[in-house]
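In case you want the letters, here they are:
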Amino acid sequence: MNLFDFSHSVGWLWWIPLFPLMATVWLGFFNPSGKFAAAVANAALLASLLLSIRAFAMTWGPEAGVLTANFTWIQVAGVNLEFGVVLNPLTGAMLAMVTFVGLLIFLYSTSYMSRDPGMTRFFCYLSLFMVGMLGLVMSNSLLLLFMFWEIVGLASYLLIGFWFRKPSAAAAAKKAFITTRIGDLGFLLGLLWAFKATSTFLLFDGGQGLLEIEQITALSATKDVLFGLNGAGVIALFLFIGAVGKSGQLPLHVWLPDAMEGPTPVSALIHAATMVAAGVFLVARAFPLFLADATVLGIVSWVGALTALFAALVALGQYDIKRILAYSTVSQLGLMMVGLGAGGLALSEGGVSIGTFHLLTHAFFKALLFLGAGAIIHGCGHEQDIRLMGGVFNRMKVASICYLAGALALCAFPFTSGYYSKDQILLSAWTAHGAVFWISASASLLTAFYMTRQCCYVFLGDYRGKGPIRQSPSLMTAPLVILAIFSLAMGIVSEEFYHILTYLSGIAVDQHAWIVVVVSWVIALGGIALGLLIYGGSQLGLDATDPMKGSLRTPYAWLENQFFIDELYDATVARLWKASAVLIVFLESGIHFLVETVRGLVTGMGGFLSKTIDQKLIDQISFDGVCDRIYKSGRLNAIIQNGFLQGYLRSVTLGAVILGVLYLVFAR
Amino acid sequence: MGLTLHHFLILSAILFSIGLVGALTRRHIIIMLICLEIMLNAANLNLIAFWHFSSNPLLMHGPLFTLFAIAIAATEAALGLALVLAIFRHYKTIDLESIRDLKE
Amino acid sequence: MIVAFYLLALIAVLGAGLAITLRNVVHAVFSVLLFFSALAGLFLLLLAEFIAAVQVLVYIGSVGILMLFAIMLTTNVVGDPNRPVQSRGWVWGGLAVVALLAGVLLPIISRTGGQSPTPLSDFNPSVKQLGLVLMDPYFASLGVIALLLTAGLIGAVVAATGASEADQAKTVPENRPRFPNN
Amino acid sequence: MNNYFDLKLVELGRWIEAFFAHYPTLKLVVHLLLCTLPLALSFMGAFAFTTWLERKGLARIQNRPGPNRVGLFGLLQPIADGIKMLLKEDIVPERSDKLFHFLAPIMLMIPAMIGVGFLPLGDGLHALPLDSAIIFFFAISSLNTIAVFMAGWSSRNKYSLLGGMRAVAQMISYEIPLVLSAVAVIMMAGSLNAQEVVASQQISSWVGSGNILQEFFGRILGWNVFKPWGFAGFIFFFIAALAEANRSPFDLPEADSEIIAGHLTEYSGFKYAILFMGEYISAFAIAGIGVTLFLGGWNGPVFAGLPWFVLKLFSLFAVMIWIRGTLPRLRVDQLMGYAWKFLFPLAILNIFLAGFYHFLERQWGTAIAMLAGWLFGFGALQLAAIALSRLNQSPTIRSKRVYQLVE
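Residue numbers (my numbering), protein chains in the order written: chain F, -15 to 652; chain E, 47 to 150; chain A, 2 to 183; chain P, 1385 to 1791.
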């Protein structure tokens, strides 16, 4: 392990998280002024970006394999705990994406947060987050990955609760932390299970690693370990629970929409581009384990598909611009899971490329959408309700165009980047499982629809807000433009673009199935057209009812309230309490009756008892007598138990003497 | 007649006993701590004596062990005295006779 | 050599004996320092040079001073002449110890006599050897000891300052910013 | 022969001992006397000379002539002072602890003189050539604290007690950076043996080369103070040594404007003289160990040995006098804070830097190690110093000031 060897090993990869770490330490300890802090954090991330590009370039070759650099961390009881870094196409692509998008978001935040008094703290946390994310992406040990995973969790907690004076932000941070903790428990179990089964944490170790063919074969050979899964499948299932928590999949999705309480760049960085992607990344990283058991892949794809549909439905009924995007993120993460699960079923190894490809493209356009939303929110005087926007297009041309570009990519409009990646997901779902395909397709249709709805609310009509619209500074729009170019222009170099799919997993992925292409065109264009039809000409605003609500009142209320999931969690518990309260009241009245009856009896007997039994028998004979005895024996005990320290010590010494003498007499 | 292991063992036994007597009879809490130190030192003397008269003293096990013992004793002294200060602050006395909370 | 031993033994016993009999606590501490230095001399006699240095450094230089500090921070330095030095029932303690010495320690020591203890030998252990042993096979123990010392130090600081913390917190002026960052 | 002078002295000792060759006990006694007596006498003489030097030096700094009545340039002033002290009445406070009041000056002299014995004065001129001489020196010099406490406590005077407690706190605190800065040297020399530490401060390949110029520089440039970690260590050491010897600007235990003369308040006459002498000799001892550890001991360019040691010792003492003449005294809280929050972390950092330097030297040779050590090491120390000084500022200074009546 040599940090300075840039030619033979990949130990230098450590520098990539090390730069943000240095920035974190600097900002944390020296607390410089905000502007300076931003400069430091940006410079550190720029350095990481350059190194990441080098790493990416190293993997972008036909013969690129898996490069590792391991070292022994500690040796305990004959077990070597090894840590290390790994560089393979997945890592390279993720590193480049995370640092690039991260840098753009950092630049954006430099402007966005410039008025905030906690700017230094903000950049300190952001840098810490980058440390965790970059370390997570490149670590070659499941344990190390878990450590960075937790750092990411901590950083997200700190960032969501960045405005910790605001009660809702503090609550959201707590909610995020606790909810993801449930998933992390799963991850931890999987990790321990893996170590128990293979006694290594390393992922790639020259044939001995957890993800390499030898161990996988050994693990798959153990049948029916738990829930009918094989050894690899159990580990994969537990790891998937971790991913569910982190990526906001269905049962544990509740934290992600609330996490929008953080500053908008945080939402862009964490809840769109990187952190939530960590779960998807974990599945992609541990994909050989998932491949070993088809049941787990099925679970992954079903959970993903249901999440996608559910979140897309909920997004229909939201009015908060960031909340819509948050649900759309949940939905897209679900689609990524579909890509991984169904892709794994359809193309085995190729599933990695399908899921991860969508992850990469999504990172760009979702970051763009969040940053654009941030610009719009910023422009509208920190108003987040889309009913109070409108007509933004004419006032903020650049930001709006960029936003629309991101929206098109999200809708999978033909020849944008989102189109290509989503196409692959649908294709693999088509091959793997019909139901999953149709669910995913309807989720995609809804995606196009609710994005159109949102855009109609925000951009069309007259401005409905209160204050004047402010223009964004150029430091905020520049990242938007860059991201917009990336979101759109990826489609133009399409043939070259498809190379990424092969690059990511090393397996050529089939690109064409006409039915799917037709379906996805229909979905994208149909969704947008439907949206324009319903929302294009309608009167929108706080006082006007939503056009959908007009016709579908009850189902829409469900959507507006996010299917009452939060309320469900509350209601089940609360109901239980109420029911038990009623029961107790009933019981109590019964008891009251009993008590009254008994009281009558007792008062009757009391006279008799008090005179003969109580006074004579109990008082004089038993009670006083016993008390007297206890008191006397207590006096005896008190000689020993007198709370006097040296008295105890003396007893100890005497005991030692007795033991010693006994030893001397009998030990022969 | 030269010095033998016996000399040191008996000396250390006597010193240990002196320390123990002090710990068991003095009422001042700091004196009690001092007596603990005396006992520890007597034990250290034993260790060093055994080492010196061992078959292979160049392995340095005796000094090593004593070094650790002294380190721990130093910690113990620091902690003990800190506790004495805490006790003094709480009870306003360091007379062992008056500190009887163990009775409860 | 034997003269030196008896001299040092005498000083040690004297120091220890005085420490447990003197009424004045400061005098007791000084006599225990005498005991410590006699012990350092005995260590030198046993060729444990480094341990002797550590004994002086730790016990006389630090622990003794610490005790003096503790005495200065508490009351009753000279000792109230009206109160007895010994605690209640001290006779029992003394008897217990005499029993220990006569009944256990001395018989055990006399048993080792059967193995003919060798006279004081002359060899040359160097400090370097100790250092090497400390660094190679016993490095983990050294680390543990270091950790223990740190923990003990922190514990001592907390125990010694703990109570006054709450009082200080009360006197913090209201207008002082709680969060220096904001 | 470079250490001609020292060898002659050793030969002289052997020659005297040879007279008693037939009486082994007597020979041992003579040997011990030869080891200790010249040392004791010469250091007492040096003490006398230094009092004159200090008074003269301070006077020059303060633009006045200083002692000039007794003897040439007032050189006999110390003797006059000594006679005066001897003849003065020895006052013992009535309620004092008589025994300890009497013992304190002796207790101060003993560790000081033993400490001097651990110094390697020249090649072979080493009174107590123990294998772990350096740690013994630090152990023994920590006994000073006890004596000062004794003096302060036994006087039954609150100023004395305050001074004594201040001295104890200060000496204990500064002992840590003192020893830590010495640890770097010990680590690099790989030995606790004073002679080996001195011997390690030559560039051995140059010294043995026979080339006069190389020998000349080989005996100078190997001094630890010319190495990056040694230079920083020397500065830390010197600061801590000033505090350890209760020298200005750390002479708080005797701060006459606050607590009269601290633990010396109730002393007079001969006991005072001995206390005074004890303090000076421990200052000598600490300066001597500084010379041994950092300034090359008895190594010198032309001929090595005792004269160089003496020269360096007095130069170091001259710096102490200079500092006493120029710097104001610290405040108590500043004093303790400086030791614990500033000097202590820096000294620890310096140990790491020394290790770093060592590896660089082994990997890439001395030249690069020197370059990297000076640049990087001092950069790191500078950064740490800035960081510590920022962290040590009280939060009220660091946070923005709030004006309540404005706005």
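Rather than coming from a laboratory, the hints here were simulated on the basis of the structure.
Treat the hints with care, since some could be wrong.
As the list claims (entries may be wrong) - Okay, the calculated beta carbon distance ranges per label pair:
hint : chain 1 : residue 1 : chain 2 : residue 2 : range
1    : F       : L30       : P       : L1767     : 20 to 28 Å
2    : P       : Y1388     : A       : L150      : 44 to 52 Å
3    : A       : G132      : P       : L1767     : 25 to 33 Å
4    : A       : F140      : P       : R1479     : 49 to 57 Å
5    : A       : G132      : P       : Y1388     : 52 to 60 Å
6    : P       : F1762     : F       : L459      : 32 to 40 Å
7    : P       : F1433     : A       : G132      : 51 to 59 Å
8    : F       : W57       : A       : Q130      : 24 to 32 Å
9    : A       : F140      : P       : F1762     : 29 to 37 Å
10   : F       : W57       : P       : Y1388     : 51 to 59 Å
11   : A       : F124      : F       : L169      : 21 to 29 Å
Said to hold, decoys possible - Straight-line Cα separation of at most 35 Å, DSBU-like style, residue types lysine-lysine; simulated pairs:
hint : chain 1 : residue 1 : chain 2 : residue 2
12   : P       : K1392     : A       : K129
13   : F       : K180      : F       : K207
14   : P       : K1411     : A       : K129
15   : P       : K1482     : E       : K138
16   : F       : K19       : F       : K207
17   : P       : K1542     : P       : K1472
18   : P       : K1725     : E       : K138
19   : P       : K1440     : F       : K19
20   : P       : K1440     : P       : K1468
21   : F       : K381      : F       : K19
22   : A       : K129      : P       : K1725
23   : F       : K158      : F       : K19
24   : E       : K138      : F       : K616
25   : E       : K138      : P       : K1392
Stated by the list, open to error - According to the in silico footprint, chain A covers these stretches of chain P (three or more CB under 8 Å from chain A):
hint : region
26   : 1505 to 1517
27   : 1566 to 1573
Owing to the predicted nature of the structure, the values given are computational and were not obtained by experimental measurement.
Quick reminder that beta carbons are idealized off the backbone N, C-alpha and C, glycines included.
Each hint tested on the structure:
no., hint, verdict
1, F:L30 - P:L1767: 20 to 28 Å, "holds (22 Å)"
2, P:Y1388 - A:L150: 44 to 52 Å, "holds (48 Å)"
3, A:G132 - P:L1767: 25 to 33 Å, "holds (31 Å)"
4, A:F140 - P:R1479: 49 to 57 Å, "holds (55 Å)"
5, A:G132 - P:Y1388: 52 to 60 Å, "violated (35 Å)"
6, P:F1762 - F:L459: 32 to 40 Å, "holds (37 Å)"
7, P:F1433 - A:G132: 51 to 59 Å, "violated (40 Å)"
8, F:W57 - A:Q130: 24 to 32 Å, "holds (31 Å)"
9, A:F140 - P:F1762: 29 to 37 Å, "holds (31 Å)"
10, F:W57 - P:Y1388: 51 to 59 Å, "holds (58 Å)"
11, A:F124 - F:L169: 21 to 29 Å, "violated (59 Å)"
12, P:K1392 - A:K129, "holds (32 Å)"
13, F:K180 - F:K207, "holds (16 Å)"
14, P:K1411 - A:K129, "holds (32 Å)"
15, P:K1482 - E:K138, "holds (30 Å)"
16, F:K19 - F:K207, "violated (58 Å)"
17, P:K1542 - P:K1472, "holds (24 Å)"
18, P:K1725 - E:K138, "holds (32 Å)"
19, P:K1440 - F:K19, "violated (56 Å)"
20, P:K1440 - P:K1468, "holds (19 Å)"
21, F:K381 - F:K19, "holds (28 Å)"
22, A:K129 - P:K1725, "holds (32 Å)"
23, F:K158 - F:K19, "holds (29 Å)"
24, E:K138 - F:K616, "holds (33 Å)"
25, E:K138 - P:K1392, "violated (66 Å)"
26, 1505 to 1517, "holds (count 3)"
27, 1566 to 1573, "violated (count 0)"
The structure does not agree with the numbered hints 5, 7, 11, 16, 19, 25, 27 stated previously, though it agrees with the rest.
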